[in-house]
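Number of protein chains: 2
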Amino acid sequence: MTQSDSASPRTADTARPIGLQIIPVPGLPEIRPGDDLARLIIDACLQSCGLHDHDVLVVSQKVVSKAEDRLVPVDPGDPLAHKPLVERESARILRRRGDLIISETRHGFVCANAGIDRSNVAPDVAALLPEDSDRSARRIRDAVAGRHGVNVGVIVADTFGRPWRRGLTDIALGCAGLKPILDLRGTPDAGGRQLHVTEVCLVDELAAAAELVRGKATGIAVAVIRGGGPEWFGPGSVAEQVIRHPGEDLFR
Amino acid sequence: MTQSDSASPRTADTARPIGLQIIPVPGLPEIRPGDDLARLIIDACLQSCGLHDHDVLVVSQKVVSKAEDRLVPVDPGDPLAHKPLVERESARILRRRGDLIISETRHGFVCANAGIDRSNVAPDVAALLPEDSDRSARRIRDAVAGRHGVNVGVIVADTFGRPWRRGLTDIALGCAGLKPILDLRGTPDAGGRQLHVTEVCLVDELAAAAELVRGKATGIAVAVIRGGGPEWFGPGSVAEQVIRHPGEDLFR
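Chains as they are written, first to last, in numbering that gives the first Met the number 0: chain G, 0 to 251; chain Y, 0 to 251.
If we strip away everything but chain G, and leave its shape as in the complex, we get (with noise of 0.2 Å):
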């Protein structure tokens, strides 16, 4: 098995690899607050993959929330302990089911637990959101072009789920560098047509590719994502433009 399933895979013709790269970037220590996460992030990336200009990367909320001291002492015996922290981080509860709660937290993001998890920290602590998710990619950001001259786009991504589709994909909860939605209105599609209104969310599609090479379970906390175009890049914020206003949702 091993050798008709790997060691000589069946090709139709030979490679030619050209698009988009996603590399995963192994080496990042276990995260402690107070870490600086960008240095430990660009030593990582220089020890296999490098830094390009124009490359993304997209780092795990998880070693964010660590580096940033976003960690609250929970009952290690309890695993509903960290619920009281949901009901605080939440703006607004918009459903309940048993033990699930959906809610919209404090930075306008709708999701289960208000972001809170206590998978891949130790079990006497939950992790809480950063506080500010665009500012910290700003900070790995500024950190790769301040030491390195590198012109990077950040991508700060966590695990949610969504209505009427089942599983969980990448989002983007912060963004810097980037530009987080681009607005293909106007443009004319392939037949000329005028297309009236095509508003990719560029940030969340990169988040999804990323976990393709991340994992849950493999310890691997950012990603690369290299070959973008330079139309990607620019100022934004998830904050500013990726969160509906809740006067323009319809599911609210």
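Read the hints as simulated data drawn from the structure, not as lab findings.
Keep in mind it's a predicted model, so treat the numbers as computed, not measured.
It cannot be assumed that every hint is accurate.
[As the list claims (entries may be wrong)] For each label pair, taking beta carbons as the anchor points, the in silico distance ranges come out as:
hint : chain 1 : residue 1 : chain 2 : residue 2 : range
1    : G       : 95        : Y       : 83        : 33 to 43 Å
2    : Y       : 83        : G       : 182       : 27 to 37 Å
3    : G       : 122       : Y       : 78        : 49 to 59 Å
4    : Y       : 46        : G       : 251       : 46 to 56 Å
5    : Y       : 87        : G       : 80        : 49 to 59 Å
6    : G       : 218       : Y       : 45        : 36 to 46 Å
7    : Y       : 79        : G       : 182       : 35 to 45 Å
8    : Y       : 131       : G       : 68        : 47 to 57 Å
Backbone N, C-alpha and C fix where the C-beta goes; we use that ideal spot for every residue, glycine too.
Following the hints, position chain Y against chain G.
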């Protein structure tokens, strides 16, 4: 500007690419009803990146709908001429605002305008969603396996909005040869704790990743994602495994 932006990109280290590749596949002709879409996709892949075992082919819904003749005549002068079709293709209307209708389609998808749109088709037709996108994906997968002996996964992807966040992302309408949801329940996380619920929607993350190279206005209808793990592959269906039953949905 051209020189500093692209001719000699700054780099903080040498690249050593690993991970996934997301490869746009050019060369697909304009698709007409009755075309052998699988053959045309295979030809386009063989002329660009080849086809390898465990490649994932992500195919735009639009070309599938064209090949399957899911095109309905509409008055080219009336930008709202497809609206009666939206009502017809909807099992249930969830929300209305102005011209926008969010409905549940007969397949169970919740999306704007029942997935019907008029971009990238002739001005006098509107494209409906495929009748059974899992079946459409399976036909392509079976053709690749039957003609070339290569075991690939196939996704039929479309661009959907979502509540709470601005911008659209690509999702999987159908799949073949892929496990739509990777069930990590019970897998220990990096700290050795049990992850009690982490079900990742692999096929939606793959669809989103592919959109990054397909774009909306480039005429690139197919992307290949190369480098996925063997755990991604196996039998699966979006209709059966991703669409959430209304009874377990908190937002319907």
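Hints, verified against the model:
1. G:95 to Y:83: 33 to 43 Å: Holds: the Cβ-Cβ distance is about 39 Å, inside 33 to 43 Å.
2. Y:83 to G:182: 27 to 37 Å: For residue 182 of chain G against residue 83 of chain Y, whose Cβ atoms are near 29 Å apart, the range 27 to 37 Å holds.
3. G:122 to Y:78: 49 to 59 Å: 58 Å, holds
4. Y:46 to G:251: 46 to 56 Å: 48 Å, holds
5. Y:87 to G:80: 49 to 59 Å: 51 Å, holds
6. G:218 to Y:45: 36 to 46 Å: About 38 Å separates the Cβ atoms of residue 218 of chain G and residue 45 of chain Y, which means 36 to 46 Å holds.
7. Y:79 to G:182: 35 to 45 Å: 23 Å, violated
8. Y:131 to G:68: 47 to 57 Å: Hint holds: Cβ distance 51 Å, inside 47 to 57 Å.
Of the numbered hints listed earlier, the single one contradicted by the structure is hint 7.
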